[in-house]
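Going line by line, the protein sequences match chains A and B.
Heads up: the first sequence begins at 1 in full-length UniProt numbering, then just goes up one per residue.
Heads up: the second sequence begins at 1 in full-length UniProt numbering, then just goes up one per residue.
It is worth saying that the hints were derived from the structure and are not from the lab.
Honestly, I wouldn't trust all of these hints.
Below, a list of computed lysine to aspartate or glutamate pairs in the DMTMM-like style, where the Cα atoms sit at most 20 Å apart [said to hold, decoys possible]:
id : chain 1 : residue 1 : chain 2 : residue 2
1  : B       : Lys642    : B       : Asp569
2  : B       : Lys208    : A       : Glu61
3  : B       : Lys208    : A       : Glu5
4  : B       : Lys572    : A       : Glu5
5  : B       : Lys574    : A       : Glu16
6  : B       : Lys565    : B       : Asp624
If we take Cβ atoms under 7 Å as the criterion, some of the chain A residues that face chain B in the derived model are [claimed, not checked]:
id : residue
7  : Ile22
8  : Ile81
9  : Leu103
10 : Ala130
11 : Leu155
12 : Leu157
Covered stretches of chain B (in silico footprint by chain A; criterion: 3 or more residues with CB under 8 Å from a CB of chain A, positions within the stretch not fixed) [as the list claims (entries may be wrong)]:
id : region
13 : 249-257
14 : 580-589
Predicted model only: the values in this text are computed from it and were never measured.
Note that beta-carbon positions come from the ideal geometry of N, C-alpha and C, so glycine has one too.
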Amino acid sequence: MSAEERTTGPLEYRTEAGRMSILGFWIFLGAEVVLFATLFATYAVLFGRTADAPHPAELFEPSMTLIMTFLLLTSSFTCGIAIHEMRRGNAKGLATWLIITLLLGLGFLGAEIYEFVHYVHEGATLPSSAYWSSFFVLAGTHGLHVTLGIGWATLLLIQLARRGLTNVTSRKFFIVSLYWHFLDVVWIFIFTGIYLIGMVI
Amino acid sequence: MALDEFFVTGEPLIYAGMVSIALVTSAIIFLLTYFKKWGWLWREWLTTVDHKKIGIMYILSALVMLFRGGADALMMRTQLAFPGLEFLDSQHYNEIFTTHGTVMIIFMAMPFLIGLMNIIVPLQIGARDFAFPFVNAVSFWAFFLGAMLFNISFVIGGSPDAGWTSYTPLAGAAMSPGPGQNFYLMGLQLSGIGTLATGINLMVTILKMRAPGMKLFHMPIFTWSTLVTCFIIVFAFPILTVALALMTIDRIFGAQFFTLTGEGLPMMWANLFWMWGHPEVYIVILPAFGIFSEVIATFAKKRLFGYNAMVWSMIIIALLSFLVWVHHFFTMGAGAFVNSVFSVSTMLIAVPTGVKIFNWLATLYKSRIEFTVPMLWSLAFIPSFILGGVTGVMLGMAAADYQFHNSYFLIAHFHYVLIAGTVFACFAGLVYWYPKMFGHKMNERIGKWAFWLFLIGFHICFFPQYFLGLDGMPRRLFITNIAEWLPLNVISTVGAFGMGAGFAVFVFNIYYSYRYSEREKTGDAWGHGRTLEWSTTTPVPFYNFATVPYVDEIDPYVRMKEEGKTTFDEKKLKPIHMPSYSGQPIIMMSFFALASFALVFEWIPLAIAGLLGGVACMAFRSFDYDDGYYVQVDEIKRTERKARGL
Numbered sequence: 001m002s003a004e005e006r007t008t009g010p011l012e013y014r015t016e017a018g019r020m021s022i023l024g025f026w027i028f029l030g031a032e033v034v035l036f037a038t039l040f041a042t043y044a045v046l047f048g049r050t051a052d053a054p055h056p057a058e059l060f061e062p063s064m065t066l067i068m069t070f071l072l073l074t075s076s077f078t079c080g081i082a083i084h085e086m087r088r089g090n091a092k093g094l095a096t097w098l099i100i101t102l103l104l105g106l107g108f109l110g111a112e113i114y115e116f117v118h119y120v121h122e123g124a125t126l127p128s129s130a131y132w133s134s135f136f137v138l139a140g141t142h143g144l145h146v147t148l149g150i151g152w153a154t155l156l157l158i159q160l161a162r163r164g165l166t167n168v169t170s171r172k173f174f175i176v177s178l179y180w181h182f183l184d185v186v187w188i189f190i191f192t193g194i195y196l197i198g199m200v201i
Numbered sequence: 001m002a003l004d005e006f007f008v009t010g011e012p013l014i015y016a017g018m019v020s021i022a023l024v025t026s027a028i029i030f031l032l033t034y035f036k037k038w039g040w041l042w043r044e045w046l047t048t049v050d051h052k053k054i055g056i057m058y059i060l061s062a063l064v065m066l067f068r069g070g071a072d073a074l075m076m077r078t079q080l081a082f083p084g085l086e087f088l089d090s091q092h093y094n095e096i097f098t099t100h101g102t103v104m105i106i107f108m109a110m111p112f113l114i115g116l117m118n119i120i121v122p123l124q125i126g127a128r129d130f131a132f133p134f135v136n137a138v139s140f141w142a143f144f145l146g147a148m149l150f151n152i153s154f155v156i157g158g159s160p161d162a163g164w165t166s167y168t169p170l171a172g173a174a175m176s177p178g179p180g181q182n183f184y185l186m187g188l189q190l191s192g193i194g195t196l197a198t199g200i201n202l203m204v205t206i207l208k209m210r211a212p213g214m215k216l217f218h219m220p221i222f223t224w225s226t227l228v229t230c231f232i233i234v235f236a237f238p239i240l241t242v243a244l245a246l247m248t249i250d251r252i253f254g255a256q257f258f259t260l261t262g263e264g265l266p267m268m269w270a271n272l273f274w275m276w277g278h279p280e281v282y283i284v285i286l287p288a289f290g291i292f293s294e295v296i297a298t299f300a301k302k303r304l305f306g307y308n309a310m311v312w313s314m315i316i317i318a319l320l321s322f323l324v325w326v327h328h329f330f331t332m333g334a335g336a337f338v339n340s341v342f343s344v345s346t347m348l349i350a351v352p353t354g355v356k357i358f359n360w361l362a363t364l365y366k367s368r369i370e371f372t373v374p375m376l377w378s379l380a381f382i383p384s385f386i387l388g389g390v391t392g393v394m395l396g397m398a399a400a401d402y403q404f405h406n407s408y409f410l411i412a413h414f415h416y417v418l419i420a421g422t423v424f425a426c427f428a429g430l431v432y433w434y435p436k437m438f439g440h441k442m443n444e445r446i447g448k449w450a451f452w453l454f455l456i457g458f459h460i461c462f463f464p465q466y467f468l469g470l471d472g473m474p475r476r477l478f479i480t481n482i483a484e485w486l487p488l489n490v491i492s493t494v495g496a497f498g499m500g501a502g503f504a505v506f507v508f509n510i511y512y513s514y515r516y517s518e519r520e521k522t523g524d525a526w527g528h529g530r531t532l533e534w535s536t537t538t539p540v541p542f543y544n545f546a547t548v549p550y551v552d553e554i555d556p557y558v559r560m561k562e563e564g565k566t567t568f569d570e571k572k573l574k575p576i577h578m579p580s581y582s583g584q585p586i587i588m589m590s591f592f593a594l595a596s597f598a599l600v601f602e603w604i605p606l607a608i609a610g611l612l613g614g615v616a617c618m619a620f621r622s623f624d625y626d627d628g629y630y631v632q633v634d635e636i637k638r639t640e641r642k643a644r645g646l
């Protein structure tokens with residue numbers, strides 16, 4: 001709307017358009033919280049309903065999920081550094097740290113795909129039981145979000161190379177970082193709620 | 001797939017539907033070509049991001065959907081009054097009550113209200129467009145294409161037939177094979193995503209784009225109702241998204257969420273559906289309350305009584321709306337304790353609603369009421385809605401609900417709240433703001449005919465249904481040749497046709513007024529406008545406000561009129577930033593609609609292609625740095641002087 005521009009403060013907050021986009025994205029994350037909460041509730045209700053398929057405790061392994069957790073938590077940290085570099089006006093630092101973030105994300109995705117394939121080989125598939133349906137859909141929705149986030153951030157890196165740091169590009173990077181941290185928070189719930197509890201019970 | 005499986009065959013009514021679709025489509029194509037209007041259609045409407053035009057498109061689509069849902073209703077009533085005629089067979093009847101409910105809630109009530117919000121909310125808060133005009137266009141096309149996808153089901157592939165609630169296991173792949181139920185899932189999914197985006201968009205618009213000085217508690221009550229509704233949308237619609245996705249995965253990819261095999265839980269669908277569905281009820285009633293509040297204050301010529309109480313009662317209703325969903329299935333057998341908790345929370349909602357009723361009455365008290373058409377709809381709403389509300393409390397009593405459950409008593413109850421609440425409000429709001437949208441009023445005399453026909457028809461149609469319910473007539477029944485039920489059913493059908501006549505007169509009035517109504521010369525069409533939308537000129541310039549007034553009170557336009565202030569202060573003019581029109585929203589959503597259509601028939605490669613196309617459009621949009629243009633001061637001066645006759 002109004003194009004009046006502030007001259008101080010972080011680039012992404014200087015225009016009204018930037019501030020509105022960021023608020024809009026926070027509200028969108030609120031809706032995402034509800035989306036994942038519904039999936040978690042579904043998972044909780046269907047917990048233990050494995051029918052003839054293997055029980056999760058037979059399949060879940062601490063080593064694999066711990067590796068995934070470390071990859072994703074570290075990526076959140078490097079994403080934070082990327083935004084810190086952006087705030088310092090260092091486009092190169094932003095790009096470097098964001099690329100590291102995305103590589104960690106890719107590592108996470110690879111591990112998740114490996115894990116899913118492994119489960120399928122053991123007879124735990126999407127159609128095998130209500131429990132495994134809810135498991136694959138919950139973890140898969142998170143994985144799909146990570147995939148989209150990687151694609152999205154890659155597009156932004158191209159824009160950064162073309163345009164450098166502006167009000168608009170820094171707003172986009174800030175928003176993608178919010179998204180990335182959000183996925184990390186969801187993963188913490190998946191790690192504890194699905195894997196840790198699933199291994200014990 | 002063979003062609004005769006693709007198209008629905010063997011049903012004369014559906015052949016008639018096909019012929020009329022073909023005729024209307026070719027008539028539209030012919031007219032657009034003959035008058036060389038394709039370019040105009042594309043430039044002015046299909047690519048628009050102007051909230052006023054998008055709002056008009058929403059309302060037009062909603063009126064078409066009201067016609068479709070109404071035609072379904074009349075067919076059902078005909079069957080029920082003359083069960084011996086065998087007008088509909090059981091399958092066709094199932095399809096019709098399913099599409100009637102779905103169309104009316106998802107594709108009529110919500111888009112009608114969202115259309116009014118689109119046009120009015122930015123004008124009421126002194127904004128020049130939505131926070132995200134591009135997203136607004138995306139939302140509209142998501143809704144529109146979702147609605148079209150759902151509506152073609154009756155000629156292609158077959159309609160869904162498991163009720164608008166689509167309870168599993170009936171709606172699952174085992175008991176409802178074929179594309180019908182998929183149309184329901186994909187049509188709702190597509191339009192639901194549009195609704196969610198609109199909710200976020202309007203929330204940011206209201207929170208960030210109010211006129212200088214306007215605090216939240218200075219906002220017009222319709223804007224308040226929109227803000228509260230958006231809060232419900234943002235927190236309820238993701239639940240529907242998940243529920244629909246889970247059933248889609250069940251049906252297409254063989255998952256076991258709601259199945260009877262694989263230890264699935266069919267009743268979980270009912271929970272997820274109503275965890276969205278009950279808040280949804282308030283999504284369509286709160287904006288209606290907002291409209292009535294505006295209309296009543298305007299034609300009682302008084303400030304709305306108890307403004308703060310009105311706002312707080314809406315907020316409380318919104319919070320409670322998330323805590324009552326189990327009352328839709330008390331008979332599921334959750335146990336006395338659970339039922340009692342939800343029974344109490346349900347009855348609690350009557351308290352803030354009662355507060356609102358008394359506030360409207362107090363606004364009317366000792367006022368000089370002007371009986372215009374929008375005011376008639378609003379006055380008729382109060383007693384009619386109370387009948388629906390009180391029977392709602394009766395249904396909310398868990399023990400008694402075992403008697404009322406799934407009977408016509410329930411049907412009568414929710415039609416009393418949804419028609420007397422939402423539909424009356426849509427008509428009231430459309431007539432009230434019509435001059436703002438189209439530059440002329442709707443004819444009052446014909447409008448009163450439409451009102452009385454619809455109102456009397458409505459009571460004749462639905463009041464007997466309370467008694468049919470108490471006499472034990474279950475809903476969704478297509479054979480009613482039980483002697484005790486027949487007289488009331490016939491009366492009810494007569495009323496339904498009365499409502500149909502009222503709607504026909506209403507639509508005729510749109511045409512009549514377009515031809516013969518006097519064109520508006522001032523912005524304040526009714527002469528008693530209290531809020532900022534009436535301070536703009538008519539027709540509203542595309543940038544809405546040349547200069548945005550400073551607002552520090554409720555009903556700011558009352559004082560502006562006293563002090564002779566307008567929204568055109570030549571000394572304060574500055575270039576206005578406006579967004580550019582774009583064809584991307586309709587193209588992007590067409591790809592997603594193609595993917596949805598492919599998923600309906602489970603053509604996975606085509607679905608993937610459509611999805612990739614849609615995602616490619618989003619990537620394209622990400623690289624699009626078009627940030628609009630500036631309207632120069634000279635142009636604003638010219639436009640305003642012409643509109644104001646200076």
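Worksheet item: What hint numbers does the structure not satisfy?
Response: 2, 6, 7, 8, 9, 12 and 14
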